[in-house]
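Engineer: The listed protein sequences derive, respectively, from chains A and B.
Residues 1 to 213 (full-length UniProt numbering) are what the first sequence spells out, left to right.
Residues 1 to 672 (full-length UniProt numbering) are what the second sequence spells out, left to right.
Mixed in with the good hints there might be a few duds.
[Claimed, not checked] Calculated Cβ distances over 12 Å to all of chain A for the following chain B residues:
#1 P29
#2 G78
#3 A79
#4 A137
#5 L180
#6 P198
#7 A230
#8 N250
#9 A259
#10 M265
#11 R429
[To be verified] Chain A is faced by these chain B residues, among others (derived, beta-carbon under 8 Å):
#12 A186
#13 S241
#14 E247
#15 H248
Hints in this document: simulated from the structure, not taken from any laboratory.
Every value quoted in this text rests on a predicted model; they were computed, and no experiment measured them.
Where a beta carbon is used, it is the ideal one built from N, C-alpha and C, also for glycine.
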Amino acid sequence: MRAASPAANLKVVLLGEGRVGKTSLLLRFAKDEFSDTQQATIQASFLSKKVLVDAETSVALSIWDTAGQERFHSLGPIYYRDADAALLVYDVTDKDSFDRVKSWVKELKKMAGRNIVLAIAGNKIDLDRQEELDLTEQTEYAESIGASHFTTSAKLNKGIDAVFQDLAKRALVSKRRAAAAAEAVESTLVPRRQGTLIIDERPKAPPKRSCCS
Amino acid sequence: MASGDKQDPFSAATAQLTFHNFLEKMRHPSAVDLVRAIKGFIVSFQASAPDPDKDSAAVQQFLAQTEATFRAHPLWAGATEEELESAGEGLEKYLLTKVFARAFGPIPADAATDRLLAERMAALQQFLRPEHLDIPASFGNEPSWLLAQKELGKLGAYKAPRDKLVCILNCCRVINNLLLNMAMAAQGDPPGADDFLPVLIYVVIKANPPALHSNLQFIQRYRAASRLVAESAYFFTNAVSAAAFIEHLNPSSLSIDPAEFESKMQQALAQIPPNISDGTPPQARKASTPPGKAGDLPPRHNRSHSEGDTSPRIATQPGMSNSGSSPMLVTADAAAGGLAARAPAPPPSPGLTVSPADSASAPLTQPGDSLAQLEARGAAAVVSAAESGQLARDYRFLYTSVGDLRVGDVDALLTEYKELVLKYEALARGLQERNAGLARQLGVTAAESGGPGQSESESGAGKGDSLKTAATGNGPAGGFNEGKALEAVDGMPGGNGTGADESSGDKEATLAQEGTGLARGEVQGEASAPQEAGSHAGGAGQAGSQPEAGVAKSGEEKSESETAEQHNHRSEVHRGQGHDMDREEKSEAQGSRADSEPFAEAGDGEASRRAEIESDRQARRKAEGQESGGGQPSDDMGEHAPEAARSTGVSAGLVTSSDESLAAVKGVDEQS
C-alpha cells in the first residue's frame, strides 16, 4: 500500500486575518480533488491532502487553519510550534491584512524552528482589476524573508494548487535536510540512542527504558 | 498513508472491543514476557519520583518500544495493521490506567494552573456572553452548545489518555456540527478556525471542566505520540489554545469595555467561594497540598463551604488513590468514603443528628407539597445541574454507556443504586408520613383550637419529629443521608446544581428525579453514549419507583462467603470474564497493590459488552472459574459488598437483595 519511500507527512499552518478568505482558499484546495468526500464538509479548519511533488513523490499535507482574529494572535505559537510550513494569506485589496502577515512572519522567525518554510499568498485577485494591482512591495518583502509569493483567487480557483505544491516541495526538501543533519549529529554525538534502537528489535529482552531521556 | 489517517478521529466505536482483545492476548501463555515487561515498567514507573518530562519520555518510549515488540511477536503473526493498532491502543490504556494516580497532575505547578483556570472560568461564566468573543449572533445557539459542554464535562471521568482525548474531540465535533448546520442554513462556507475557536473557548468556559490544565497535560504527555496526529492533534491543539487563552485572558482579549470587565470580574470572583479554584483531582491535591486544607476537598465540593466537610470526605482520600475506579468520580468515592467512615461503628441513626440541622437551616417543604410537586421543583434544579456538567461529575455512571462499564464498576454501581433507591424511598416515605403527620396535627390543632395552627405546622419541632420518624423508620437511608445532608449544609446558592440551598427534601426529590427526569434531558439527540445513559437512568428509575424493589428485602449478606457465592452466581454475564482473569492474575501477582494490579482489573471493565457477544465462551469460562475458585472472595466486589450490605442493612435490617438489583442492572444492559 505504501510507496517505496513512505510519504512524508507535513504540517502546514494557515495564517491570515479574518476576512482574507483563508477558509475559502482551504475549501477550494480541498474540493479540488476530494469533490465529495465527507471530510471536507464537516469543517474547514483541518484538512489532510496528498500532493504530488514530482512524478514519484507525494507528500501528505496536514493543513491547520488558525483563527485570524487579533485577540488570538498570541496563541499562534501553540499551532505552529512543530509546523513544517506556513502559508500566510492576505487580501490584495486590504493593506492592513498584509501588515498582519508581516507581524506573523516576525513571530514565526522568532518562535518556530528555523526550518519552517514560508509562502505568502495574496488572495482575492478577482476583486482587483489587474492593471491596478501593484504587488511589488509584497513580492519584494517575500523575497527578503525567503518566502515565495503567489497571487490566488479562491473564487476563480487560481494559483491555489501552485501555492501548496510549492510549499510541499520546499518543506519536503527542508525536512529531509534537517533529518539528515540530525542524523549526522546523532551518529557522532549520541551513539547511545542508536544502541537503544537496535535493542528494541529483540523481543526477548526489551530494555526497561533509557535512563537519560 | 496507512489506515490510521483515514480513521475518523472522533470514532470511539471499537474502543471497548479493542481493549478487550488486548487483554485477551495478554492472557495467552506466549505473552508472558510481554506481561512481565509491562508490569515491570509499571512497577519501576510507580517507584520513581514524579518528573513530568522524564515520565512522559519514559512512557512514550516504552509504548513505542512495546508496540514494536508486538509487531515482531508471534502472537501478532499475520496481524493486520488495524489489529496492531488496537493492540497499541490497548497497551496505552492499560498502562496509563495503572499508573494514573502517579502520572496525573504530579506537579504543584499544574495544580496551580488548574486552580487559576477553574477560578477564571467560574468567574467568567457568570457574565461572559458570546458577543464578547465576537461570536456572531447567528451562532448563538447556546442550548445546543450544552451538548458540547457536556462532552467536556466527562473529561475527568476517564483515565486513559485516549478516552480523555475523545471527550475533547467529541466536544469539538458537536461544535463543528452546529456551526456547519448554521453555515448551511445561511448558505455559507463550512466553519473555519475563525468561527470555531471562539465558540470552543466559550464552551470551555461554560463547562469549566475540572483540572483542565492537568487533563490537557496528561493527554499531551501520555497519549502515544504516534496517535496524537492529524485531526486529533489539531483539535487537541485547539483545546490547549483555548485553555491558554483563558489563562492569559485580559480585558483586551474580549470585546468588552475594560472597566466593565474589571468590575464584573471582581464581582464574579467575589461570588465564588474560596475553594472554587480547586479544580484539581485528588491525586494532584494529594501531592501538592497538605491534607486537611480546603484543597483536599473533592472537586464536587468546589462550590460548597468547607466547614461541613468533616471526616467522611477526608477519609475518602486514601480510598480514592488506591481504588481502581476513576479518581474524579467523586460521588462514588464520597459514598465509599462515607461507608468507610461508618463501617467501623455503624451509626445508630445518623439521620437524627443531621436532619434537625437541616430543618433548622432551611425551610423544608411546604406542608402541602406532594412528592410530585417536590419532584417538579427539583427537576428544574437537576436540569440546570445537568447543563452545568455538574451531574456528570457527581454521578459517575449517569452518562455511562453500557459499553463503558467495567465489571469492576458493578459494585460501585450497585452501591450507588442501592443508595439512591433507599434514599428515594426514605425520603418519599418520610415525606408522606410527615405530610400525614402534619395533616393530623393540623386537624387536631384545628379541632382543639378551632383555627389553623400555622405556627405549629411551621415549627422546627414538628419537622424534627417527622424527620425523626423518617430517619428511624428507614435507618439505612438515614445513614446514607448523612453525606448528602452534609452537602446540603455545605451547599452554596446557585452553585452545586443538585445541592445548593435547597432543603434536603427538595434535594432528594431532585435526586429521585434523576432516574426519570435526566433520562429525558439526555434524549436531545446526542451521540450514542448519553442515549444509552438515558435508558440506563430510565431503567434505574423504573426499578426505583417500584416501592418494594430495593428496600425492605431482608436477607443477611454479611457472610463473606455467601456474598462471594452470590457474586459467582451472578457472574454469568457481568463478571464471568473479569472474575477469572482476576483470579488468575491474583495468583500470579499476589500482594499486588491496588495500582500495580493485574490486567484483570482494568480488563474486567470492558468485558461486559463483549460478554454479551460471546456469551457462550463466557459461560464456559465462568463455569471454570466457579469450579476453580468457588467461594473465594478474591474480587474486589467480595470485599466491598459486605461493607455495603452492612451499611445499608445495619440499623433497620433493610438489605437490598442483590438479586433484585442485579436484575435491574441486567435489565439496563439488555435494554441497550
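Engineer: Taking the earlier hints as the rules, which of them does this structure contradict?
Structural biologist: Numbers 5, 6, 7, 8, 12 and 14, in rising order.
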